[in-house]
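*Asks:* For this one, chain B is given, so just place chain C on it according to the hints.
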Amino acid sequence: MMRRGQPLLLPVSPLFMASSLVAMLLLNMFLSDLLGPSGVWLPDLLALVLVFWNVHQPRRVSIGWAFFFGLLMDVHASALLGQHALAYSVLSYFAISMHRRLRWFPVDGQALQLIPLLLTAHLLQWAVRWVVGDGLPGWPALIAPALEATLWPVVTVILLAPQRRAHNPDENRPL
Amino acid sequence: MLDRSPPALFKQGVTAFVKLTICAGLSFGLMGIDRHAGVGESIRAALATALYPVQFALRQPMVWAAGMADFLQQHGDAITENQRLERALLESSLQAQRTQYLTIENQRLEALLELRAIQSNHSIAARVVAETPDTYAARVVIDKGSVDGVLAGAAVIDTQGVFGQVTTVYPFSSEVTLITDPNHATPVMNARTGTRAVLFGAQKSGPPLLEMRYVNANADVKANDVLLTSGIDGVYPPGLQVATVNELPDTLDANYSTLYCTPSARVAITREVLVIIPSQPAAPTAAETDSGGKP
Numbered sequence: 001m002m003r004r005g006q007p008l009l010l011p012v013s014p015l016f017m018a019s020s021l022v023a024m025l026l027l028n029m030f031l032s033d034l035l036g037p038s039g040v041w042l043p044d045l046l047a048l049v050l051v052f053w054n055v056h057q058p059r060r061v062s063i064g065w066a067f068f069f070g071l072l073m074d075v076h077a078s079a080l081l082g083q084h085a086l087a088y089s090v091l092s093y094f095a096i097s098m099h100r101r102l103r104w105f106p107v108d109g110q111a112l113q114l115i116p117l118l119l120t121a122h123l124l125q126w127a128v129r130w131v132v133g134d135g136l137p138g139w140p141a142l143i144a145p146a147l148e149a150t151l152w153p154v155v156t157v158i159l160l161a162p163q164r165r166a167h168n169p170d171e172n173r174p175l
Numbered sequence: 001m002l003d004r005s006p007p008a009l010f011k012q013g014v015t016a017f018v019k020l021t022i023c024a025g026l027s028f029g030l031m032g033i034d035r036h037a038g039v040g041e042s043i044r045a046a047l048a049t050a051l052y053p054v055q056f057a058l059r060q061p062m063v064w065a066a067g068m069a070d071f072l073q074q075h076g077d078a079i080t081e082n083q084r085l086e087r088a089l090l091e092s093s094l095q096a097q098r099t100q101y102l103t104i105e106n107q108r109l110e111a112l113l114e115l116r117a118i119q120s121n122h123s124i125a126a127r128v129v130a131e132t133p134d135t136y137a138a139r140v141v142i143d144k145g146s147v148d149g150v151l152a153g154a155a156v157i158d159t160q161g162v163f164g165q166v167t168t169v170y171p172f173s174s175e176v177t178l179i180t181d182p183n184h185a186t187p188v189m190n191a192r193t194g195t196r197a198v199l200f201g202a203q204k205s206g207p208p209l210l211e212m213r214y215v216n217a218n219a220d221v222k223a224n225d226v227l228l229t230s231g232i233d234g235v236y237p238p239g240l241q242v243a244t245v246n247e248l249p250d251t252l253d254a255n256y257s258t259l260y261c262t263p264s265a266r267v268a269i270t271r272e273v274l275v276i277i278p279s280q281p282a283a284p285t286a287a288e289t290d291s292g293g294k295p
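So the protein sequences, as listed, match chains B and C. 1 is the number of the first residue of the first sequence in the working numbering; add one for each residue after it. 1 is the number of the first residue of the second sequence in the working numbering; add one for each residue after it.
Please note: incorrect hints may appear among the correct ones.
[Said to hold, decoys possible] Below are the SDA-like pairs computed for lysine to any residue, each with C-alpha atoms no more than 20 Å apart in a straight line: (1) C/K19 / B/R59; (2) C/K19 / B/V40; (3) C/K19 / B/R60; (4) C/K204 / B/P37; (5) C/K204 / B/G36; (6) C/K204 / B/L136; (7) C/K11 / B/G64; (8) C/K204 / B/P140; (9) C/K144 / B/A77; (10) C/K204 / B/V40; (11) C/K19 / B/Q57; (12) C/K204 / B/S38; (13) C/K19 / B/P37; (14) C/K19 / B/G36; (15) C/K19 / B/T120; (16) C/K19 / B/W65; (17) C/K19 / B/F68; (18) C/K222 / C/T251.
[To be verified] Per the computed footprint, the stretches of chain B lying under chain C, defined by three or more beta-carbons under 8 Å from a beta-carbon of chain C, are: (19) 6-13; (20) 37-50; (21) 64-73; (22) 83-90; (23) 133-145.
Derived by calculation from the structure, the hints in this document are not laboratory data. All residues carry an ideal CB built from backbone N, CA and C; glycine is no exception.
Here chain B stands alone, though its shape is the one from the complex:
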């Protein structure tokens, strides 16, 4: 069942899916290296793209992927091992459990509904570090989930673009 007016999409390319996730991991690593500890407010682009594929391709990108990418982020950020892995797993679980409902909404509505989800993922990481005895990250950290939700429409447009091409390619037509 689909929302009225929603275009039929081409099947997704697994290669594109995997490469988008790896590219976001690299971008995350680069940005966090660039800003160091002052980059608390940076949006977690890898988490956002994981959520995107969880919502649009839940049978292909599942919780195991989220866990694995989380572990890589942990090692890169020299954070507590399992901190990102746990947050991404939980994020992925809730994204998968709400994916049918979410796709009935227009993109801005989806972004609004994702705010609590993205905030939960960050809260979980703050809570874990607080329990371990590292204190709290400070107010600028709250900007991150807001920025992620703002970026949701952009991510949707970019990552759905390959599936929105025509099913019968024509040399005389641009797309």
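*Replies:* For chain C alone, coordinates are given in the frame of chain B:
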């Protein structure tokens, strides 16, 4: 009891909830063993080694940018910098000559008193390549690892004083916890009075500071007192400069007060550091367990 839920229409494999339970369980398990047992460290080291080529490539633009900034530095700046360095070299060569004399004298006296000889160390020059993105800790990554002979627990200094301690060693890089990390403790000795104290990293925004906690109201501490490593932790060699005491408040608290000190090492800007490898490997977390700073 009868199972009343209908069978699934489509076979979808393991349910998301089961997967979440497994992954969350694994995460909590990893958190438990991280930085404690050997297993956590080896998982981290294996993943870090796999990530290393990628991290290396991603950090190159920043290394180039730093090199470029050095290259584009004004000619006049370079000349004044050179003059300053020559002056500093002259001063330190004077000191070094005196130190040589004092070392020989000290050895004779130690032999006379039958004291245990102070360990001699060798050192490895390294370059700071990145700050770790983790907000909660003050750590940097250096470009030398276990392949180059870096050991966990080794002290790290820069030209001005103590910089930090190696806490995690990977094959090609290592993580250094700075002395300004809130969980890191450095045992020090006041050069003027000889009283011992422990400095912690201060959790304050602004320039990096160190805290001397629980100072008695009648303690003999003055502003600009120089604090040196005491060497009793077995990690830092004795006599390295750590910090100078900041301006004191007019009256010290009647109970215990906290004094702030400015680290001598330029922790925020230094790029070249020296890793001091003890001739007998120190226990990796000797400084941390000695002070009880880490849980």
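*Asks:* Taking the hints in turn, state whether each one holds.
*Replies:* Here's how the hints hold up against the structure:
1. Of the pairs offered as hints, the one joining C/K19 and B/R59 holds, with about 13 Å between alpha carbons and a cut-off of 20 Å not exceeded.
2. As the CA atoms of C/K19 and B/V40 are separated by approximately 29 Å, the hinted pair breaks the 20 Å bound.
3. Restraint check for C/K19 and B/R60: the C-alpha separation of about 14 Å stays at or below 20 Å, so the hint holds.
4. Taking the CA atoms of C/K204 and B/P37, the gap is near 14 Å; set against the 20 Å cutoff, the hint holds.
5. Between C/K204 and B/G36 the alpha-carbon distance is near 17 Å, which keeps this suggested pair within the 20 Å criterion.
6. With a C-alpha separation of about 13 Å, the suggested pairing of C/K204 with B/L136 holds against the 20 Å cut-off.
7. A C-alpha spacing of about 19 Å is found between C/K11 and B/G64, which places the hinted pair at or below 20 Å, so the restraint holds.
8. Straight-line distance between C-alpha atoms of C/K204 and B/P140 comes to about 15 Å, which keeps the hinted pair within the 20 Å bound.
9. With a C-alpha separation of about 18 Å, the suggested pairing of C/K144 with B/A77 holds against the 20 Å cut-off.
10. Restraint check for C/K204 and B/V40: the C-alpha separation of about 16 Å stays at or below 20 Å, so the hint holds.
11. Taking the CA atoms of C/K19 and B/Q57, the gap is near 16 Å; set against the 20 Å cutoff, the hint holds.
12. Restraint check: the Cα-Cα separation between C/K204 and B/S38 comes to about 14 Å, which is no more than 20 Å; the hinted pair holds.
13. About 32 Å separates the Cα atoms of C/K19 and B/P37, which puts this hinted pair outside 20 Å; it is violated.
14. For the proposed pair C/K19 and B/G36, the alpha carbon gap of about 33 Å is over 20 Å, so the pair is violated.
15. Using a Cα cut-off of 20 Å, the hinted pair C/K19 and B/T120 holds, with the two alpha carbons roughly 19 Å apart.
16. Between C/K19 and B/W65 the alpha-carbon distance is near 11 Å, which keeps this suggested pair within the 20 Å criterion.
17. With a C-alpha separation of about 13 Å, the suggested pairing of C/K19 with B/F68 holds against the 20 Å cut-off.
18. Between C/K222 and C/T251 the alpha-carbon distance is near 12 Å, which keeps this suggested pair within the 20 Å criterion.
19. Here's how the stretch 6-13 of chain B fares: 0 of its residues keep a CB closer than 8 Å to some CB of chain C, so the rule of at least three is not met and the hint is violated.
20. With 3 residues carrying a beta carbon less than 8 Å from a beta carbon of chain C, the stretch 37-50 of chain B meets the three-residue requirement, and the given coverage holds.
21. Restraint check on the stretch 64-73 of chain B versus chain C: 6 residues with Cβ-Cβ distances below 8 Å, three needed, restraint holds.
22. Using a Cβ-Cβ cut-off of 8 Å, 5 residues of the stretch 83-90 of chain B lie near chain C, which meets the minimum of three, so the contact claim holds.
23. Counting residues of the stretch 133-145 of chain B whose C-beta lies closer than 8 Å to any C-beta of chain C gives 6; at least three are required, and the coverage claim holds.
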